[in-house]
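> Once you know that position 38 of the sequence shown is 37 in numbering that gives the first Met the number 0, the rest is easy, because the numbers rise by one and skip nothing.
Please note that a few of the clues may not be correct.
[Stated by the list, open to error] Ranges of calculated distance between the beta carbons of each label pair, as one might list FRET restraints:
hint : residue 1 : residue 2 : range
1    : A175      : G59       : 18 to 24 Å
2    : G150      : R20       : 20 to 26 Å
3    : I19       : S42       : 31 to 37 Å
4    : R84       : G177      : 37 to 43 Å
[Claimed, not checked] Straight-line distance between alpha carbons at most 30 Å, and here's what the computed DSSO-like set of lysine-lysine pairs gives:
hint : residue 1 : residue 2
5    : K79       : K28
6    : K94       : K28
7    : K44       : K94
8    : K44       : K28
These are computed hints drawn from the structure, not numbers from a lab. Note that beta-carbon positions come from the ideal geometry of N, C-alpha and C, so glycine has one too.
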Amino acid sequence: MATPTLSTVDTDLVEIVESIRLDHDEIVKAYAQYLDRLPDAPSGKPEDRLRRLGLTHRAGAEDPWRDAGTGQFDQQTGEKNFEEREFAFFNEALKDTYFYELYRQLPFRAGRMRLVTLNPGEIYHMHTDHSRVAHVSITTNEDSRLLFRSGHTYHVPTDGRVHILNTLRHHSAYNAGGTERIHLTMTLAD
């Protein structure tokens, strides 16, 4: 039996923001600008450089590049570490990029705005979030998908659209393809 996919958008699981059409070439350019400016990881390890990347941060953040990369809940205690609305500041070093232009035109208030890479063969554990999360695909492959507990999968194409996923439902993400998947994610703070 084939895995059910969302060939037509199930608005209970996915909402596409019709009012925004992004230039994919500009998104790719902004990502390259981000990488050019990104400081080394605090660990000093090259493999950590692309982990936990953020575009927004909290007031007084020690590292505005990685402040948004932390989880909202402590994995040990379940205690809430922060509210999404605290990520109200866009990284000053990136205000001349297309990412900032996108940030300013969003029809919702974004909390953590992050760049998330899913490497070939990587999968996230099944989980729920406390807010919906918008995705813009920077680079992907057809075998990189979000999986809902219902069995439905959803592929976010590089179509220049903002796809808001109902991550309040149990979900995972996996990359069964041979190339990395990079998404700009924006957690809704409203």
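> For each hint, tell me whether it holds in the structure or not.
Evaluation of the provided hints:
| no. | hint | verdict |
| --- | --- | --- |
| 1 | A175 / G59: 18 to 24 Å | violated, 41 Å |
| 2 | G150 / R20: 20 to 26 Å | violated, 31 Å |
| 3 | I19 / S42: 31 to 37 Å | holds, 36 Å |
| 4 | R84 / G177: 37 to 43 Å | holds, 39 Å |
| 5 | K79 / K28 | violated, 35 Å |
| 6 | K94 / K28 | holds, 14 Å |
| 7 | K44 / K94 | holds, 27 Å |
| 8 | K44 / K28 | holds, 25 Å |
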